[in-house]
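Novice: The whole structure should be built from the sequences, with the hints applied where relevant.
Listed in order, the protein sequences are those of chains X and L.
Residue numbers for the first sequence follow the numbering used here, so the first one is 1 and each next one is one higher.
Residue numbers for the second sequence follow the numbering used here, so the first one is 1 and each next one is one higher.
Treat the hints with care, since some could be wrong.
[To be verified] The calculated lysine to any residue pairs, modelled on SDA-like cross-linking and capped at a C-alpha distance of 25 Å, are: (1) L:Lys99 with X:Phe376; (2) L:Lys114 with X:Arg74; (3) L:Lys256 with X:Asn368; (4) X:Lys391 with L:Lys31; (5) L:Lys265 with L:Leu224; (6) L:Lys19 with X:Asn108; (7) L:Lys5 with X:Thr69; (8) X:Lys435 with L:Asn259; (9) L:Lys435 with X:Ala27; (10) X:Lys99 with L:Lys391; (11) L:Lys257 with X:Ser429; (12) L:Lys5 with X:Glu310; (13) L:Lys5 with X:Ser40; (14) L:Lys257 with X:Gly400; (15) L:Lys31 with X:Asp322; (16) X:Lys5 with L:Tyr276.
Note that these hints are calculated values from the structure, not bench results.
Protein chains: 2
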Amino acid sequence: MALNKQPYRGTRDFFPKDKRVRDYLFAVMTKTSESFGYESYDGPLLEEVELYRAKSGEELINEQIYSFTDRGERFVAIRPEMTPTLARMVAQIHRESSKPLRWFSIPNLMRYEKPQRGRVREHWQLNCDVFGSPGRLGEVEILQVAVELFEAYGANESHFEILLNDRSIVDVVFKILMKSTETQTYRLYKIVDKAKKITHEALQKMVSEVGLSLEAENIFYAYLRLDNFEAVKAFLETNNQIEIAAQFNIFIDFAKKTNITKYLKYDPTIVRGLDYYTGIVFEIFDKHPDNRRALCGGGAYANLLQIFNEDALAGVGFGLGDVTLRDFLEVHKLLPNFDIPVNDILLTFQEEGGLDATLKLAQILRQNNLKVITSFEALKFKKVFPTAEKKGVRFVTLMGSDELLKNEIQIKNLANKEQQTLNLNDIESILKLIKA
Amino acid sequence: MALNKQPYRGTRDFFPKDKRVRDYLFAVMTKTSESFGYESYDGPLLEEVELYRAKSGEELINEQIYSFTDRGERFVAIRPEMTPTLARMVAQIHRESSKPLRWFSIPNLMRYEKPQRGRVREHWQLNCDVFGSPGRLGEVEILQVAVELFEAYGANESHFEILLNDRSIVDVVFKILMKSTETQTYRLYKIVDKAKKITHEALQKMVSEVGLSLEAENIFYAYLRLDNFEAVKAFLETNNQIEIAAQFNIFIDFAKKTNITKYLKYDPTIVRGLDYYTGIVFEIFDKHPDNRRALCGGGAYANLLQIFNEDALAGVGFGLGDVTLRDFLEVHKLLPNFDIPVNDILLTFQEEGGLDATLKLAQILRQNNLKVITSFEALKFKKVFPTAEKKGVRFVTLMGSDELLKNEIQIKNLANKEQQTLNLNDIESILKLIKA
Numbered sequence: 001m002a003l004n005k006q007p008y009r010g011t012r013d014f015f016p017k018d019k020r021v022r023d024y025l026f027a028v029m030t031k032t033s034e035s036f037g038y039e040s041y042d043g044p045l046l047e048e049v050e051l052y053r054a055k056s057g058e059e060l061i062n063e064q065i066y067s068f069t070d071r072g073e074r075f076v077a078i079r080p081e082m083t084p085t086l087a088r089m090v091a092q093i094h095r096e097s098s099k100p101l102r103w104f105s106i107p108n109l110m111r112y113e114k115p116q117r118g119r120v121r122e123h124w125q126l127n128c129d130v131f132g133s134p135g136r137l138g139e140v141e142i143l144q145v146a147v148e149l150f151e152a153y154g155a156n157e158s159h160f161e162i163l164l165n166d167r168s169i170v171d172v173v174f175k176i177l178m179k180s181t182e183t184q185t186y187r188l189y190k191i192v193d194k195a196k197k198i199t200h201e202a203l204q205k206m207v208s209e210v211g212l213s214l215e216a217e218n219i220f221y222a223y224l225r226l227d228n229f230e231a232v233k234a235f236l237e238t239n240n241q242i243e244i245a246a247q248f249n250i251f252i253d254f255a256k257k258t259n260i261t262k263y264l265k266y267d268p269t270i271v272r273g274l275d276y277y278t279g280i281v282f283e284i285f286d287k288h289p290d291n292r293r294a295l296c297g298g299g300a301y302a303n304l305l306q307i308f309n310e311d312a313l314a315g316v317g318f319g320l321g322d323v324t325l326r327d328f329l330e331v332h333k334l335l336p337n338f339d340i341p342v343n344d345i346l347l348t349f350q351e352e353g354g355l356d357a358t359l360k361l362a363q364i365l366r367q368n369n370l371k372v373i374t375s376f377e378a379l380k381f382k383k384v385f386p387t388a389e390k391k392g393v394r395f396v397t398l399m400g401s402d403e404l405l406k407n408e409i410q411i412k413n414l415a416n417k418e419q420q421t422l423n424l425n426d427i428e429s430i431l432k433l434i435k436a
Numbered sequence: 001m002a003l004n005k006q007p008y009r010g011t012r013d014f015f016p017k018d019k020r021v022r023d024y025l026f027a028v029m030t031k032t033s034e035s036f037g038y039e040s041y042d043g044p045l046l047e048e049v050e051l052y053r054a055k056s057g058e059e060l061i062n063e064q065i066y067s068f069t070d071r072g073e074r075f076v077a078i079r080p081e082m083t084p085t086l087a088r089m090v091a092q093i094h095r096e097s098s099k100p101l102r103w104f105s106i107p108n109l110m111r112y113e114k115p116q117r118g119r120v121r122e123h124w125q126l127n128c129d130v131f132g133s134p135g136r137l138g139e140v141e142i143l144q145v146a147v148e149l150f151e152a153y154g155a156n157e158s159h160f161e162i163l164l165n166d167r168s169i170v171d172v173v174f175k176i177l178m179k180s181t182e183t184q185t186y187r188l189y190k191i192v193d194k195a196k197k198i199t200h201e202a203l204q205k206m207v208s209e210v211g212l213s214l215e216a217e218n219i220f221y222a223y224l225r226l227d228n229f230e231a232v233k234a235f236l237e238t239n240n241q242i243e244i245a246a247q248f249n250i251f252i253d254f255a256k257k258t259n260i261t262k263y264l265k266y267d268p269t270i271v272r273g274l275d276y277y278t279g280i281v282f283e284i285f286d287k288h289p290d291n292r293r294a295l296c297g298g299g300a301y302a303n304l305l306q307i308f309n310e311d312a313l314a315g316v317g318f319g320l321g322d323v324t325l326r327d328f329l330e331v332h333k334l335l336p337n338f339d340i341p342v343n344d345i346l347l348t349f350q351e352e353g354g355l356d357a358t359l360k361l362a363q364i365l366r367q368n369n370l371k372v373i374t375s376f377e378a379l380k381f382k383k384v385f386p387t388a389e390k391k392g393v394r395f396v397t398l399m400g401s402d403e404l405l406k407n408e409i410q411i412k413n414l415a416n417k418e419q420q421t422l423n424l425n426d427i428e429s430i431l432k433l434i435k436a
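Specialist: Rendered as structure tokens:
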């Protein structure tokens, strides 16, 4: 029986033209991260499942993780996210490191998803994080990195927005203003997370089941109506939360000193689940009506190292997946065309005798940092130009019996169609022509 | 209980300085492969186990593979090698593609190994392949790629050699000259594979158990004594194998037209196991006495697509792992130092008021393709230079109360210790200084 030629469900084959797209996405990620002094790291593909259980709770472990027992009876998983690995690594070295640490990585991750638009089982994710007392300025910087990244792809405020909240505000509203118990707070976080995806009636039903006082319910609905930073400030001040309002204002003031403000929009429903965040939380949203989805999410956290019994170390970071990013760039027509490779020159010969000169010239051109393709056999004239086109070269050479006799080569510039005949010993002129 | 901070057994954490080494290794691989017009591809992390069973046989499946059953009852494995994925991908597109296909990839692979020097459970491997009638010139080209790669790392013939054989010669010797049965041939391949690792007595014992005629045994030992290309040619001609000698000579003649000949050494024990090779087979060996091991192996094959019921498609390729490569470069002191990151400038301010100007300047410098680190808070003078050193910057700026008053900035070049004070509005001079 013949084997299946298709990739495993929910994963992708990256043929050269798809790989060029991925290389482009990653190159921009790397360049932008490095422009802020972020250093690249990576971790193992497998981690012990305990690491994910400690951080993410049972839901992820049970339903979404690729876990199995290895031949040495270790219960391991293919990494579904990078943060636990990052925390484990930082826990090893944070004592001896000069803070802040600015790190980024673009790992491949696997989750057992039902494949659909924007969701696959294996994807890559840019992770940018700052560790070590980054404070409000660190929160602003991590948003700057995200903004600069999208701008480097050619996107602007017509394409994306940053929906932002602050977990310390949410905590004050739920715990102090609404006087919720721990269980109620937990349920409120779940409700807020879903608020935009359900009808107002469904929302009211869920809220009524939490068992809040009428006053607390009113505060909750007032909170959900907040839709800009001024309103948040006024709401907090009206409710005598001057300190938290001032704290948030520091963030807003710092943000105004950079180019991120025009993208920021306050959104009370952004809480990033029940995750470990303690400061700002945000999601970058595609504004295109056909692709309304989060492209990137992140926030500030007080301590990822607790599970390693290490001292608290504050940080802020985000993750951005390659699949939704590619969809975003395509729907906005921001993705360059990568169908054809980019090479410098195709060396062909029309008579067997041309092989020696071809191999010799190829080596010299490669030593001069050119991308050089040689034909493995004499290539018929009519095949030369179609081949050159498929290989994306800028120049093509021909060597027939005439040229062989005179030790010459014809070089054609495919852009302007100009053709020159040069002596094979005149390497200087050949290089000058191609490198022009 | 605190969690384990160490990575899963046999895998590696890539802290920034290790990641910089890996990035360097991969950048050279990419540049060299692309200089020959090879196009980058990638495949999924997981494949169905059937794919490996079809190609590699039961040994790999049973003992070395990370396999498990997914939640949809599919029996899958983390890729232990790239060739089956490559074959699966090529099988999808070879009919519509212009040949030859020149492809490369640097995937991470996992095998359940007992960790030791040069062997880990997760490693990366450069795979370079040419598909579609590459012939003897394709064999030479793939060796050229490998040689250019090692030379690009600074290695030469004092560091490495290419031990080479031709499976068609081995087949002629075993099947025609020695008249071995299929079972005997299978056993001879296994013996040859081990010949260099065992004593002569052990070898004789194994050979005597194959049940060959005395004449066949003598041919076998004569074959094993062949140690240069001239001797191979003479041996084949003496035994009336003119055609196969001539075929091999074409390869040798092509090789002589390139820079690979000085590295080539005939070795009758190189057969690359019972694998699918049909033409040349080779291993690149480290010449260092402390690190005598294969760094790279490959060969030519007639048909990888058989398992997909596709037409035969010949190819040639090699694989080169990151762990043995790094050991090789380290033992020969060819690896540059990557302990410190490379950044352009650290912007610091000694008075809170300097923040605004710092954020503004940082943005401009980044737009000019510089790697810029800013401090999140006023940095004491005595901390400025130690921080700059750790971050590997070429320049550092200072802004105290004097500079703030005059809207100026001090810029120090850390290489030549020269310091200049420039006006913050004079961006042109600042850029000129840093980009010089």
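Novice: Given the hint that L:Lys19 pairs with X:Asn108, does the C-alpha gap stay at or below 25 Å?
Specialist: 16 Å, holds
Novice: Quickly compare the C-alpha distance for L:Lys265 and L:Leu224 to 25 Å and report which way the hint goes.
Specialist: Roughly 14 Å between the alpha carbons, so the hint for L:Lys265 and L:Leu224 holds.
Novice: Would you check the hint for L:Lys5 and X:Thr69, treating anything up to 25 Å between C-alpha atoms as holding?
Specialist: Satisfied, since the Cα-Cα distance of roughly 20 Å is no more than 25 Å.
Novice: Check whether the Cα positions of X:Lys5 and L:Tyr276 lie no farther apart than 25 Å.
Specialist: 19 Å, holds
Novice: Quickly compare the C-alpha distance for X:Lys99 and L:Lys391 to 25 Å and report which way the hint goes.
Specialist: Satisfied, since the Cα-Cα distance of roughly 11 Å is no more than 25 Å.
Novice: Decide if the proposed pair is consistent with the structure: L:Lys5 and X:Ser40, CA atoms, cutoff 25 Å inclusive.
Specialist: It holds: about 20 Å lies between the C-alpha atoms, which stays within 25 Å.
Novice: Verify the proposed pairing of L:Lys5 with X:Glu310, using a straight-line Cα cut of 25 Å.
Specialist: 10 Å, holds
Novice: L:Lys31 and X:Asp322: Cα distance at most 25 Å?
Specialist: At roughly 24 Å apart (the allowed maximum being 25 Å), X:Asp322 and L:Lys31 satisfy the hint.
Novice: Take a quick look at whether L:Lys114 and X:Arg74 sit within 25 Å of each other, Cα to Cα.
Specialist: Judged against 25 Å, a Cα distance of about 14 Å means the pair holds.
Novice: Given the proposed pairing of L:Lys435 with X:Ala27, does the C-alpha separation stay at or below 25 Å?
Specialist: 22 Å, holds
Novice: For the pair supplied as a hint, L:Lys257 and X:Gly400, is the alpha-carbon distance within the 25 Å limit?
Specialist: Distance of about 20 Å is within 25 Å: holds.
Novice: Under the criterion that the straight-line Cα-Cα distance not exceed 25 Å, is the pair X:Lys391, L:Lys31 satisfied?
Specialist: 17 Å, holds
Going down the numbered hints, you'll see the structure goes against none, and every one checks out.
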